[in-house]
Amino acid sequence: MSIGLLSLIILVLAALGYVIGRRKAVGQVEGDIRKLHSLPPFYGRITALLTAVPAFFLIAAWLLAQPLFLENKAISLIDPAELPAGKSAELMMADVRRVAAGLNMLEARGDEVGPLLASPTALKTALNGAGVVLETEPTPSTLAATAALRDAGDTSRLAMTGAALLLALAGLAFGFSRINPEYRARNATEQFAMWLLMTSSLIAVLTTVGIVGSLLFESIHFFRLYPASEFFFSTTWKPQFGGGSSLGILPLLWGTLYVSVIALVVAVPIGLMSAIYLAEYASRSTRAWVKPAIEILAGIPTIVYGLFALITVGPLLRDYFASPLGLGTSSSSVMTAGLVMGIMVIPFVSSLSDDIINAVPQSLRDGSLGLGATPSETIKQVVIPAALPGIVGAVLLAASRAIGETMIVVLGAGAAAQLSMNPFEAMTTVTVKIVSQLTGDTEFASPETLVAFALGLTLFCLTLALNIIALVIVRKYREQYE
Amino acid sequence: MKDQRLETRVDTQTIKIEARKAQVYYGTNHAIIDVDVDIMDKTVTAFIGPSGCGKSTFLRCLNRMNDTIPSCRVEGSITLEGENIYDPRVDPVQLRARIGMVFQKPNPFPKSIYDNVAYGPKIHGLTRNKAELDEVVETCLRKAALWNEVKDRLQSPGTGLSGGQQQRLCIARAIATSPEVLLMDEPCSALDPIATAQVEELIDELRSQFSVVIVTHSMQQAARVSQRTAFFHLGYLVEFGETGQIFTNPKDPRTESYISGRIG
Chain E
1 MSIGLLSLII LVLAALGYVI GRRKAVGQVE GDIRKLHSLP PFYGRITALL
51 TAVPAFFLIA AWLLAQPLFL ENKAISLIDP AELPAGKSAE LMMADVRRVA
101 AGLNMLEARG DEVGPLLASP TALKTALNGA GVVLETEPTP STLAATAALR
151 DAGDTSRLAM TGAALLLALA GLAFGFSRIN PEYRARNATE QFAMWLLMTS
201 SLIAVLTTVG IVGSLLFESI HFFRLYPASE FFFSTTWKPQ FGGGSSLGIL
251 PLLWGTLYVS VIALVVAVPI GLMSAIYLAE YASRSTRAWV KPAIEILAGI
301 PTIVYGLFAL ITVGPLLRDY FASPLGLGTS SSSVMTAGLV MGIMVIPFVS
351 SLSDDIINAV PQSLRDGSLG LGATPSETIK QVVIPAALPG IVGAVLLAAS
401 RAIGETMIVV LGAGAAAQLS MNPFEAMTTV TVKIVSQLTG DTEFASPETL
451 VAFALGLTLF CLTLALNIIA LVIVRKYREQ YE
Chain B
1 MKDQRLETRV DTQTIKIEAR KAQVYYGTNH AIIDVDVDIM DKTVTAFIGP
51 SGCGKSTFLR CLNRMNDTIP SCRVEGSITL EGENIYDPRV DPVQLRARIG
101 MVFQKPNPFP KSIYDNVAYG PKIHGLTRNK AELDEVVETC LRKAALWNEV
151 KDRLQSPGTG LSGGQQQRLC IARAIATSPE VLLMDEPCSA LDPIATAQVE
201 ELIDELRSQF SVVIVTHSMQ QAARVSQRTA FFHLGYLVEF GETGQIFTNP
251 KDPRTESYIS GRIG
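Chains as they are written, first to last, in our numbering: chain E, 1 to 482; chain B, 1 to 264.
Just so you know, the hints here were simulated from the structure itself, not pulled from any lab data. Think of the CB as a built atom: it goes at the ideal place given N, C-alpha and C, for glycine as much as any other residue. There are no misleading hints in this set.
These stretches of chain B come out as covered by chain E in the derived footprint (C-beta under 8 Å, 3 or more residues):
no., segment
1, 57-69
2, 83-96
3, 118-131
4, 167-176
Quick list of the computed label-pair ranges, beta carbon to beta carbon:
no., chain 1, residue 1, chain 2, residue 2, range
5, B, Asp-87, E, Asn-467, 51 to 57 Å
6, E, Trp-195, B, Ser-162, 40 to 46 Å
7, B, Asp-87, E, Ala-298, 42 to 48 Å
8, E, Asp-355, B, Ile-194, 35 to 41 Å
Turn these sequences into a full structure, and let the hints steer you where they fit.
Pasting the structure below:
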């Protein structure tokens, strides 16, 4: 039974639960709903929730856990003698999975699968026809593993269907049996809602943990193949696909920080000043169209900014600044990417700061104006200090955006990893190199590819540190002023 | 120097602020109608009246705080020592330094206690060096009866004080610019009775140096602290005179109804 159909059945059961739960509650008081603890829909709702939610959780958990258990079994069937040179059983499993998926697809189309399994050549052709391309013909042990995987998959699917339906019915029966006029269905629904909300937030947290975990895992893998001291302290970045690369992160980090700093130098003053204008000086009607106009900047896709950097800003800077000053002849430069990125993050600074400045109580402004301060003195000495924690937050958000930006750097700053002070020279950033390392043609298990995860992890630590600093600043400030 | 100037002016019958046919409009709403008031020097003048009668609006006209409200328009004449404060040549910023204001809710700046009081003297350049500034801060905090409570923690945030202390801090801040008139918009409405008593005592002491105008909802407070009382009703100034006369022998029946609790 497909997941869709199963879900539909569970939903129908839940709807049934709602109807009978509600009817039972109303029936028990002979229609006088004032005698019920809660309004009738609550009795229906709690029955429906008890029917559907546990069953769906079971399905989700089952689907997540299933591959782990099934593949352990299949992998033991692969004969090590048949493995091609340099391929591990784990890599072979990728083929097994694809063959299994291809066979399922053929079967779903109504093709006869039996004869194909007897002849590896025919199987390969048939799978090719279905869009599953195999490098080599499947070996007998691969086929055995495939068969085992598919069998186990079918069994597991059947078991899951049974278990989910059983759980749904049990939930329905349990919910239904609990209904009586004293039953506090309203409070129970409230509890249920709380658990549901809590689970949602837990999923968000666990996803973060999962992402960090996978980064960490692959990074450890990388550091087994490549010395960590070289990675962190070498000043050359020269990946070679034949091996023997130098993968020092320093030039990339330097580029990242350089570009981000230029971006912030552009964005923070402009953003902050426009926020002050909007919040303190602009009339309501001006604000109504200027603010959305600035926010449009945030909606432009970064690739468009990249084009702008490549076609307009880069050549402009080269022709009017870099060449005349003798600072370089490259149209890709840190300055180009930094300027364009700065424009991109202006709305992050201005829009958030504007909201924060607006939130400063009017009584503080009145107090300062009442002492004979001018509006600008008031802003400088009272409004901005009061809004500072929020402004710091806005700036750090902009910084995280700048550090993580890729497209503008690819097109604006080039891809040459180097350590240089000259802002008119091409440089590159961590994110750009992550992309280029993963889109290469090298083997996945080589250090040249795995370095991407170490780079990602470093970047993550960087932004995390930034966030922590922001928190510390904000907290210190709050202690002082609240 | 400041003290000398204040001591020489002992005639309490000098008119400090004079309003003639003052009108205030919020958009099309005529909020203050034909108000004539004389604020005497070194006197506490109380504005009383039911909510929405315009007493706060009128108070805010006296130092042009209403300029910050775009829809507000003031007509008629309001003069400070004979000079029309709505004259285009008058700088509202300078005017507000001469006519200080204390607000209903304590609004200390997010700064230290010291910086709160030093704010006005700093922006107006009233002191020549740090020592003088220290002295001004101490004097004002003493006048506001706050010095003994905060002298050991001048650098801690002003927002960390209790409500009554915050309000006295705001008063210290207002008198630090050495204004000629101090406007107080319901300064005790957010305070408990003890803090209220302290602030009232303070107002009475301030009378020796400034002219004080206080808006209040409490008639007892008006009777306790003021020498002259103005009763506002629906935008009109109904009655204005000696506090004792207003409370014991009001001429207008509306004043009598209000102070005896029948309207309001």
